[in-house]
Amino acid sequence: MILEQLPLLQQLTLVLAAIVLFVSFVLLEQARLVAAIHVFAWQGALTATVTAIVAANSDLKHLFFSAALTLIMKALLIPWMLHRLVYRLELDRHRESLRHPALAVMAALALVIFSYWAVAPLVKQELLFTRNIVAVSLAVVLIGLWMMVIRAQAVAQVLGFMSMENGLFLAAVTATGGMPLVVELGVAFDVLVAMILFGVFFFQIRESIDTLDVDRMNRLTEKADES
Amino acid sequence: MKMDAWLLALLQALLYLALAPLLAGWVGKCKARLQNRRGAPLWQPYRDLYKLFAKEARMAHTASQLFRAAPYIVFAATWLATAGIPLLSTDLPTAAMADIIVIAGLLALARFFLALAGMDTGTAFGGMGASREMFVSALAEPAMLVAVFTLTMTAHSTNLAAVVDFHLASTNLLRPSYLFALGGLLLVAIAETGRIPVDNPSTHLELTMIHEAMILEYSGRHLALMEWAAQLKLMLYGVLLVNVFFPWGLARDTGIGALSLALATVAAKLLMLGAALAVVETVLAKMRLFRAPAFLNLGLLLALLGLFSHVILEVGA
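Keeping their order, the protein sequence lines are chains H and C. Numbering-wise (my numbering), the first sequence opens with residue 1 and increments by one. Numbering-wise (my numbering), the second sequence opens with residue 1 and increments by one.
It should be emphasised that the hints constitute simulated quantities derived from the structure, not laboratory data. Be aware that one or more of the hints could be misleading.
To be verified - Residues from chain C that keep clear of chain H, each with C-beta distances beyond 10 Å, as calculated: (1) Ala32; (2) Arg38; (3) Pro41; (4) Trp43; (5) Gln65; (6) Ser177; (7) Thr282.
What the hints assert, rightly or not - Computed spacing ranges between beta-carbons, pair by pair: (8) C:Leu284 x H:Leu192: 35 to 45 Å; (9) C:Leu168 x H:Asp190: 46 to 56 Å; (10) C:His156 x H:Pro7: 41 to 51 Å; (11) H:Ile196 x C:Ala108: 53 to 63 Å.
Note that the Cβ used here is the ideal one computed from N, Cα and C, for glycine as well.
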């Protein structure tokens with residue numbers, strides 16, 4: 001597939017997908033929690049836009065419904081819930097900078113290369129015009145995972161988890177033209193329930209160790225060592 | 001015909017020389033208006049250069065011959081690098097040396113001598129400025145090269161004239177890689193030309209300055225040449241950005257009509273870029289020096305993403 005042969009709207013899809021990937025990097029490095037939640041909301045909105053354009057460009061009309069669902073869930077509802085949680089936990093002024101931001105970004109770039117290499121056989125199949133985006137969505141998934149690994153803050157880890165879900169959704173839309181509606185509704189509901197559970201957990205974690213820095217959990221055994 | 005082309009190339013090089021102070025004056029004027037000042041007139045940089053050329057050049061006692069030679073080398077290298085970049089037409093004999101690696105090399109040569117001259121007199125300010133300049137450029141150079149490689153991979157040539165020609169010949173496409181390369185190159189240009197938020201061009205005696213610290217010991221015609229070289233460098237990055245990413249209107253031959261149209265469009269594009277730079281300089285504050293790596297890492301990240309999105313999204317299998 002050569003870029004010159006695509007209509008303008010499909011070129012726009014590629015551009016938006018590339019921006020989704022860039023937003024993943026921004027999310028990875030964003031030190032302020034409130035700003036990171038906004039960035040996550042933008043990623044959800046971009047994913048929804050990509051889905052809507054794919055729907056407009058193919059005969060997969062049910063994708064419009066998925067796009068609307070994504071927009072409501074990922075760009076509005078979940079960021080709003082996280083926002084409220086962060087303010088209630090009084091973390092809105094919290095800053096958490098990575099210890100080696102440049103190294104973290106370089107590792108994430110390596111993940112992009114890896115995902116390109118991993119999906120190369122898939123791209124050789126004749127698929128929709130979106131098949132090149134599959135590598136991008138796998139990279140978004142891996143960067144979300146990487147974010148959960150390197151961030152110590154529980155809210156930031158949840159953001160990583162949610163952005164992984166964004167990547168999975170993008171992969172489903174671009175590789176196979178979206179999941180069946182039942183599965184999609186189920187996943188959306190699962191994510192919502194997960195979000196509510198995370199909220200409960202945040203309060204539990206903070207009550208027991210007085211912080212949301214999950215690295216501190218290692219210290220729970222200290223007293224046992226001393227005795 | 002051959003002679004004509006060379007004359008045109010010479011004219012283009014002189015045009016760069018003549019317009020560079022005007023661009024600096026325009027940015028200064030826009031910035032002043034945004035800050036509710038009337039500001040110096042547009043031709044103030046010319047007056048400054050004229051004044052400096054007429055003044056006596058004083059040298060420090062500790063300065064060596066290198067200190068005397070550095071302004072000429074810096075000015076010549078910067079001018080040579082600038083002259084190759086197509087300003088009006090891609091069909092000029094100088095297009096052959098518009099290779100991006102040559103240009104990066106010439107700029108590195110100019111920077112090397114600038115830093116040496118800064119250290120030559122042995123003052124604390126000069127040494128500090130030189131070390132900061134090398135610190136920033138070591139981070140900016142890879143980002144610049146990777147950003148430009150994104151362009152050259154699309155056009156299959158490292159020659160800027162060939163890249164511009166390729167874009168003028170092909171239909172307009174939305175390329176994700178160009179979006180990122182443009183972002184990366186913008187950040188690099190801000191860092192390399194010493195603008196806010198990396199360096200403050202309007203400061204003259206401040207602990208945080210970079211470029212001014214290196215040329216603090218210069219006076220007279222030497223200072224004029226250094227200032228002119230800095231303005232040329234701003235012009236170089238401006239033309240690189242507008243002519244490579246937005247090449248519309250650029251002439252592909254040497255007809256009078258096409259050339260005048262090219263001059264008008266390039267002037268309009270540079271005026272817009274200058275105004276945008278003034279806005280950026282007004283809304284942002286200067287960063288601490290040790291925040292500069294984060295700024296330039298973002299530039300490198302954008303450039304690398306440009307490269308990857310070219311490979312992943314545009315070439316495909």
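Hint check results:
no.: 1; hint: Ala32; verdict: 32 Å, holds
no.: 2; hint: Arg38; verdict: 38 Å, holds
no.: 3; hint: Pro41; verdict: 42 Å, holds
no.: 4; hint: Trp43; verdict: 42 Å, holds
no.: 5; hint: Gln65; verdict: 40 Å, holds
no.: 6; hint: Ser177; verdict: 8 Å, violated
no.: 7; hint: Thr282; verdict: 23 Å, holds
no.: 8; hint: C:Leu284 x H:Leu192: 35 to 45 Å; verdict: 39 Å, holds
no.: 9; hint: C:Leu168 x H:Asp190: 46 to 56 Å; verdict: 52 Å, holds
no.: 10; hint: C:His156 x H:Pro7: 41 to 51 Å; verdict: 25 Å, violated
no.: 11; hint: H:Ile196 x C:Ala108: 53 to 63 Å; verdict: 57 Å, holds
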